[in-house]
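Q: If you're matching them up, the sequences are chains A and B in order. Position one of the first sequence corresponds to residue 106 (our numbering), numbered consecutively onward. Position one of the second sequence corresponds to residue 7 (our numbering), numbered consecutively onward.
Please note: incorrect hints may appear among the correct ones.
So these bits of chain B aren't anywhere near chain A, every CB distance computed over 10 Å [said to hold, decoys possible]:
| no. | residue |
| --- | --- |
| 1 | Asn266 |
| 2 | Gly324 |
| 3 | Ala340 |
| 4 | Ile432 |
Below are the DSS-like pairs computed for lysine-lysine, each with C-alpha atoms no more than 25 Å apart in a straight line [stated by the list, open to error]:
| no. | chain 1 | residue 1 | chain 2 | residue 2 |
| --- | --- | --- | --- | --- |
| 5 | A | Lys476 | A | Lys364 |
| 6 | A | Lys590 | A | Lys678 |
| 7 | A | Lys1065 | A | Lys1052 |
| 8 | B | Lys496 | A | Lys1014 |
| 9 | B | Lys474 | A | Lys1065 |
| 10 | B | Lys282 | B | Lys372 |
If you're looking for bench data, these hints aren't it; they were derived computationally from the structure. Every residue, glycine too, gets a C-beta built ideally from N, C-alpha and C.
Given next are the chains, with one letter for each unit.
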Amino acid sequence: MYKLFTSIIGGDRSCIAFKLLRVMKITIILLTVLMVHVHASGLAQTITLKADNIPLKEVIVQLQNKTGYNFIFNSELLNSSKPITLNVSNAPIESVFKLCFNRNGLSFVINEDEGTIVLSKLITSKTGISAEIIRGTVVDEKGEGIPGVSVTVKGTKTVTITNNNGAFTINVPDRTVTLVLSIVGYQSKEVLASTDLSKIILKEADTRLDEVIVVGYGTQKRSDLTAPISSLSAKAIEERGLSRVDQALVGQLAGVNVKQTTGLPGKGFSIQVRGAGSISANTEPLYVIDGFPLGQSTTDVSGGFSGGNALDNINPDDIESIEVLKDAAAAAIYGSRASNGVVMITTKKGQVGKTKIQFSSSVGATNITRKVDVLNGDEWIDRATEMINAAYVAAYSSRGATAADNEAKRISIIGTRNVAYVLDPRWAMPGRPGLQVIDWQDEIFRTGLGQNHQVSASGGTNNVNYFVSVNNINQEGIVKATSSKIYSARANVEANINQKLKVGVNLSPSYSILQDPGVEGKDVIFHLALSMPPVQEDSVGVNANAFRNNAYNYSVALNSPVAKALNQIGQTKRFRTIASVYGIYTIAKGLTFKTSVNIDNSQSNISRYTPYTVTGLLSVRNAQTTVNTSGSYLTANYLSFVNENTLNYSKTFKGDHSLNLLLGQSYNSFSSDNSTMSSVGGYTHATIQTLNYAAGVRGNTNATKNLLLSYFTRAQYNYKGRYLFSASIRTDGSSRFGANNKYGLFPAGSIGWRINEESFMKPLTFISDLKLRATYGVTGNNSIGDFGSIPTTASYGYVLGTGQTAVIGQAPNRVANPDLRWEKSTTTGVGIDFGVLKNRITGSFDYYNRLTTDLLLNVSIPVVTGFQAYLSNAGSVRNKGLELELSSRNLIGKFKWTTNLQASYNANKVVSLANGQSQLLVPSVYTAVGNTVLRVGEPLNSIFVVKKIGHLTQQDIDNKVARYGVQSVGDAKYEDFDGNGIIDANDRQIVGHPNPDYTWGITNTFSYKGFDLRVLIQGQNGGSIFSLLGRGISQTGLAYIYNVSGDYRNRWRSPENPGDGVRGKAYSTYGNIVNTDWLYSSDYFRVRNITLGYDLKQIVKLKSISTARVFLSAENYFGSDKYYGGANPESANTDLSGNGNYPQSGDYGGLPLPKMLTFGLNVSF
Amino acid sequence: MKKIFPLIFLLSVLLSCKKELTIAPISIGTTETFYVTQEDFVQGSNAIYNALRTYPDRLINLSETRSDNLYAISVLGVQLYDPINAFRTDAVSNTYVNAAWNDNFNAIYRANVFLEQLEQKGSVVASATLRNRLQAEARFLRAFFYFDLVKYFGKVPVVTKPVTALESVEIKRSPVADVYKVIIDDLQYAIANLPTTYANTDIGRASKYAAESLLAMVYMARSGPTYNIEGPGLGLNEWSLALPLLNDVISSGQFALNTNYANIFSYTNQNPSVNKEAIFDVMYQTGLNPVLGASFISLPVPDAYFTSVLVKPAQLGGSGRPTSYDLYNSYENADARKSFNYVLYFTQLGIPGNRPFLKKYLDPTKVPAVITDWGINFIAIRYTDILMLKAECILKGASGSQTEVDNIVNQVRTRSGASTMSNVTISQLLAERRREFSGEGSRWFDLQRSGNLVSVMNDWITVNDDLKQIQPVVPNWIIYPVPQAQLDAKPGLYTQNPGY
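Using the sequences and the accompanying hints, generate a full structural model.
A: In structure tokens:
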């Protein structure tokens, strides 16, 4: 039902199919049925009324007020009515009604139970008089009344609709007529008025093909689509009680890879559509909400959305449907920003009819899905003992040291009690007096409670419809002190000013507060919890090296992650308003003009505060106190303004030719400014956190802006719904590009052939739907910085003069590129849609080949230019893929079972680089040599490291196998890839690629009686992770003052006891080189969601409640992955390259995914 | 009502047709708005000086660490400088090697842009004297950076004007002699046009004597042996070309030996207007925003020293780079330089006893709040060096007597309380230079020039490489490899130095 309204309300949107037009007509009739609601205490039987030449419409209002009855009628009925003049007192109402209506050619039916009076056209039967009033009830297969069914007397304009219980009353001339019953979502039915009408059963229709899909600047019936579009309806979101829209997309759509890159609440997911096509430019899709193209979400260098994500603060319960335009042919209408796909989000609208109040509420508990396996206390002591003994013997064997020496002997040999060589004697004592074993992960994690409450009201008349909602989401994170609170509201209102003009407003303000004291990333809370030794002084416990406590002698002097979590502040507050105002004017039949003005304004501020009590060393804390406290305050304002104007023409010629034309123009401006203030020289107060007590403050402000001007046109044509054609052209001008190349042209075309409509297919009855599609399209990518083409200068100061004072220096800071232009993706694709066995099984299969050329690439150039790289259009990347979507209604009886399966395969390859380069080594800030390569012929960002092939034996050493530095027996053995006898950076080889080859998701839905069960399983295969977190906790020879990954418990201990071959000996001194030690498979499968729901209407038969459902939902509860070097294979939280030219985000301390158990209730009145 | 909408449509189309797509950056300057006034040219000049700021770090990372001054093998994991210190061939993709190439060429680019703009729009600089001075300063600095490149890499591409990305992929490496030609040409212009002194506010800019000193060093570097590689030494024996330049600096009377070794590196005596040793400084100041302080101070210093001894935040040294025992032990105990330059602090696994690290520039009372914000200048050309270079020229055959040589060396030695010497040989002179300039980055170039680099290094490795990490040195390794990134930028444009 919602879908249909969307198509009508967005009047400019394309509706080319005649079938759809027919549906529209019905809907218009529905829409124009005026329903007026009066809450009367009682219904009058007599009436007093005076009227002197008053229009019938006003008389009805008076009658309504006086009688308490609601009048239901089609407003067209009153168009030719004559004014009423009458004067009655205490007259029976029926006689008054007769006076008013029959003379105007109207009949009426009084329905006492409902308190309604239905007006319809007076039918003159053969006898000349409208004869009979008949009643009936329309029910579904379960026997439940269906509200809103239109009941028409066949061959007449007499129509009524069913009430909330499915009941209707209608005037018929006699019992020989036929009634036509129709409503979206059910198969239409004709019944003879003479039959039993007390339970007319409507069967649920297979709505898939008639489903209306939102496409760019319009809608289309699914059967008319020529390009693959994946869609998701509100149901899948509402029934889970989700807190973010992007979460709903996980595992649902083929070719749409949604990555949960963080374990913190309230943060954005990363979405990649059909693989990665860019190196330097962003790969997140464009989001369009109710036709408003939002500013693009851009991942920052760390892989997060510090600049905000387009879906932040959007209330999932407001969403009606989500469509993803994957293919260039569909997305190209969004031209320059469409290369990474377009996610179209439609919010709910009010429906004509009685006000519907909906209340939903859920509470839940969040926990970690898993921990990272690190050594426990005993294992850590075991490794530390082994390492200290080995170091002691290595250093002092010349003085007779042996591993068996006790503390006193060691001290006498060394001359001092050096913890590098002397064991803690308490380790060997029973009960380890004075020491405490701490599982740091247990200490920082908790069960987070969450709540999600929403109230919405929607409804409408034929002139106005509305949807308003308020929502509050309050989610505690899995780490202490982390949380997300969102308050949001929405008002979607649309009004018909007159028959030709419609105006609407969508307004959605929201406010959010995120608390994150700095949990994910290198050397922050979660990473610390993995690296801190599990053995600490009993007197200090979890407050090791915080406040007035020292660090344990045998522990690295890191500050307690628990103290950090509880005392550091990182608070982001954001106020965001998305507002759209639009008008739709019907110029002539089929020709509409739409204009819209849209604003997305977000204002955020971030406060950070780190007290000295949780930083540095005890001696420093004691000596300097608040000098080491630091704080900052940042503000960021963002404004996106979009004005779009479109002309839409649709017409069906001779019933067979259906044409839809679109002409449009768009103006987008995006501007932002920010300010930063940070403390200098610490604070002067120990408890005040605001910067007024900072010893000094440093600050600056920044602003930027960009503009996009676009013109576009599209033609969609089909012949008999059988041969489908679509073509579009868009041209975009962006201020981001070089003076010589501001504009880009993005053409697209697609064709479809519905084979099953052909007569030769008729005998093949088991095929209910078959369509072939072919697409071609060019899309662009402009997500680079705002002034990438302009030769800018930067400040390079110096110190001069006898006073050693600063002087200003300025010089160009990059190579200008006036030719900078769009990154361009050309996609060709073919696909097939099919349905068999009366559409019991439906599906689609797609192949695509996307060649991205003119990559916005920071091309490395000889530094004689002054710079290492400049932003240019060079190189190309190809993505090829297959997508399968399959939907099967396995069981359709009382016990229903539906399976939806989606799977996709994507492979990408660097086709060329700039200047004939065959490879580009991506630098890394965290390893001495890089670990990623862009090499022609290989996947994007291939992992390029030395391969570990085992552990060195004495025989290897005797045979002089290649070694890295001073390696000895039990150390890692590496493959000498270049064969020169030494292991070094030149022995790196490609060992994997980061993007998965296969991603898939299966949703099974079961329902029986009032119960429904939904299970979503999702996963990926074929990718690899080169994990710096893995390196952080498992690099060779990592000192015992840190804790290490659990696989060290089965390490190499001696030639006789070589362990399981994964980790070499504990005491290694040769350091490390990037190697396959920290390479992990990113394969995983995860039961993303299990929802069990029960329809309370089964037991609560209250009339006032139209729906009531309780549910229990388990998110992320089960699963398995192979990422032993971290907690979440999709984590992204750290800038690995440290080089904006080749942004590469990865995991250096990412949290495990939260799992959540939610209990919820949805009720509507 | 009906007429309004088409009107709005028309209006909006018209509005958006404006040339709005050209937006000037709001918070960033552009070259269009720069090089317009005299002040712009002064700022442009300052920006070239700014490029000097990475020079001292480079000396620590590529000269000190490579040489026998530091035994920087870390036992606590592999460090970025390991390939430098251990002569590993993966230095081709080493961060510090990259930085040496990149920073110098970026500096040269700034000089080239400046010189081109000065030629085109220099008339806005009213005074011809100032115009010539600015030009001479830029050329001095360009020569400075090219000389730095030659010493590290040998052949480099030569550009004397800004080049576009397209042009750059056609410019090959020039023979070392051609690079020197540009350097000498620039320096001769600088000597002719730079003032001998500056006004108070301009102290720190390059003077005529800085240019003379640098040119003398260039001649001396060219005089060194070739080792049969295309390195900085051309075997030209131009010691007598260097000597008069050095003499001119010495006889200017503007400079003198400090009476106290420690005082040369004092935070309070550092400004070139009062520090008589400072012929050319890289200038730093602490506490400014943006930061204009120095970072080279803490590079050899272990973090633990700051955190546990000085009770200050950790700096940039990580696990630290110990000074070689043999250098430390080569000082007489009475030599003030020994206690001033080093602290015995390290304990390294596998090596008994404490190892010294360099604390020459480290004043414990001046540890900055921001780790890269030390407030001490780096003396790039020091008067003591000029004197000792003169002694070297004489020993290599330029005119002068052994007495002059002995006098110079003994002035230096007695200043810090070391005993006097007589009949100082070239190897004694080099050993004295090693002690005097420890941590100042001259050691590797001294060895290059001496002709004995390979044997000195290999002898040192044999005795001092406790951890058996350092590869035996071959002549090819006198210069560094061309960074792999440069070879990759345009395959085939540059050929790699032999041995890498």
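Q: Look at each hint and say if it fits the structure.
A: So, going through the hints one by one against the coordinates:
Residue-level check passed: B/Asn266 sits 21 Å from the nearest beta carbon of chain A, beyond 10 Å. No Cβ of chain A comes within 10 Å of the Cβ of B/Gly324; the nearest lies about 12 Å off, and the non-interface call holds. With a cut of 10 Å on Cβ distances, B/Ala340 stays outside the contact zone with chain A, its closest approach being about 27 Å. With 10 Å as the threshold on Cβ separation, the claim that B/Ile432 sits away from chain A holds: the shortest Cβ distance comes to roughly 35 Å.
Between A/Lys476 and A/Lys364 the alpha-carbon distance is near 19 Å, which keeps this suggested pair within the 25 Å criterion. For a cut-off of 25 Å, the pair hint linking A/Lys590 to A/Lys678 stands: about 9 Å separates their Cα positions. Straight-line distance between C-alpha atoms of A/Lys1065 and A/Lys1052 comes to about 18 Å, which keeps the hinted pair within the 25 Å bound. Taken as a hint, the B/Lys496 and A/Lys1014 pair is honoured in the structure, with Cα atoms around 21 Å apart against an allowance of 25 Å.
The straight-line distance between the Cα atoms of B/Lys474 and A/Lys1065 is roughly 15 Å, inside the 25 Å bound, and the hint therefore holds. Pair hint B/Lys282 plus B/Lys372 holds up; C-alpha atoms about 22 Å apart against a cutoff of 25 Å.
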